[in-house]
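Enquirer: Start from the sequences, fold in the hints, and give me the full structure.
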Amino acid sequence: MSLIPQAQIPTLSLLYATGRLRPVATSPLHAPSASLNSRIGLIRNDITKLSLQNGAIVNAANRRLLGGGGVDGAIHRAAGSDLVKECRTLGGCETGQAKITDAYRLPCKKVIHAVGPVYGASGEDSEALLTSCYRTSLRLAVEHNLDTVAFSAISTGIYGYPSQKAARTAIKTVREFLDTDAGKKLSLVVFVNFEMKDVNAYNEIIPEYFPPVDEEKKKSTEEEKGTSSEGTEPAKTPEPKGEP
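Start counting the sequence shown at 1; every next residue gets the next number (UniProt numbering).
There may be inaccurate statements among the hints.
Stated by the list, open to error - Quick list of in silico lysine to aspartate or glutamate cross-link-like pairs, EDC-like style, CA-CA up to 20 Å: (1) Lys165 to Glu195; (2) Lys184 to Asp147; (3) Lys185 to Asp147; (4) Lys109 to Asp147; (5) Lys49 to Asp102; (6) Lys165 to Asp102; (7) Lys49 to Asp82; (8) Lys197 to Glu176; (9) Lys184 to Glu127; (10) Lys49 to Glu195; (11) Lys110 to Glu86; (12) Lys165 to Glu176; (13) Lys110 to Glu143; (14) Lys110 to Asp147.
Keep in mind the hints are simulated off the structure, nothing from the lab. Since the model is a prediction, treat every value here as computed from it, not as a measurement.
Expert: Structure, rendered in structure tokens:
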């Protein structure tokens, strides 16, 4: 499968304007912002194929940081053996935290390894830990002078986090971060989903936090109704299951 240039990643502005993303029927949680909608991407694809010149992809990693199944394994395979060599020097990573490495053979500048929670694990606050994953990843990107971050769906695989709850936490955290001074340094944040349960969750929830502006809404309502959720994303390609 060929690489996806950053310029070809659909933003919310484009998805609304083409009718591939629908506004919520109820009142959104935030005021519409054309600026923010142009800085949020939403795509269904293989995250290892995103070509981000000055950006990072966020890996749904485990605490050992040595690779695993699903997107974690796919990222390690695409990056090559040098990635795991660097990861071995990091001493693992605590749940809710993230660490950054070079990207090696991947078409981006850095990889941020975020360790999400196992949903409902005894003694853990899953929502707080997942929020910390996203917030820490965003901070790391800014600290390393990156302008683009692409997130995989953290904890929704074998870690059992319900897609709807995970999507809401991810979207809410990103929205709050973009409203800070640090967040203004990011030109694009992309949510990259693969499984349809995650695709559907993001399509449903993201308009609550990033609603269309009037012009986008007008164009959206002029499109034919009945667009499927897959319309927001490129075609699905095979990828191993079992990601955290």
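Enquirer: The structure should be examined with respect to each hint, and the outcome stated for every one.
Expert: These are the hints, each one checked on the structure:
1. Lys165 to Glu195: holds (15 Å)
2. Lys184 to Asp147: Judged against 20 Å, a Cα distance of about 9 Å means the pair holds.
3. Lys185 to Asp147: OK: Lys185 and Asp147 at ~6 Å, within 20 Å.
4. Lys109 to Asp147: holds (11 Å)
5. Lys49 to Asp102: Distance of about 16 Å is within 20 Å: holds.
6. Lys165 to Asp102: Violated, because 30 Å separates the two Cα atoms, which is more than 20 Å.
7. Lys49 to Asp82: holds (18 Å)
8. Lys197 to Glu176: Violated: Lys197 and Glu176 sit about 24 Å apart, past 20 Å.
9. Lys184 to Glu127: violated (25 Å)
10. Lys49 to Glu195: holds (16 Å)
11. Lys110 to Glu86: holds (12 Å)
12. Lys165 to Glu176: Between Lys165 and Glu176 the Cα gap is close to 17 Å, so the pair holds against 20 Å.
13. Lys110 to Glu143: holds (12 Å)
14. Lys110 to Asp147: Holds, at roughly 11 Å.
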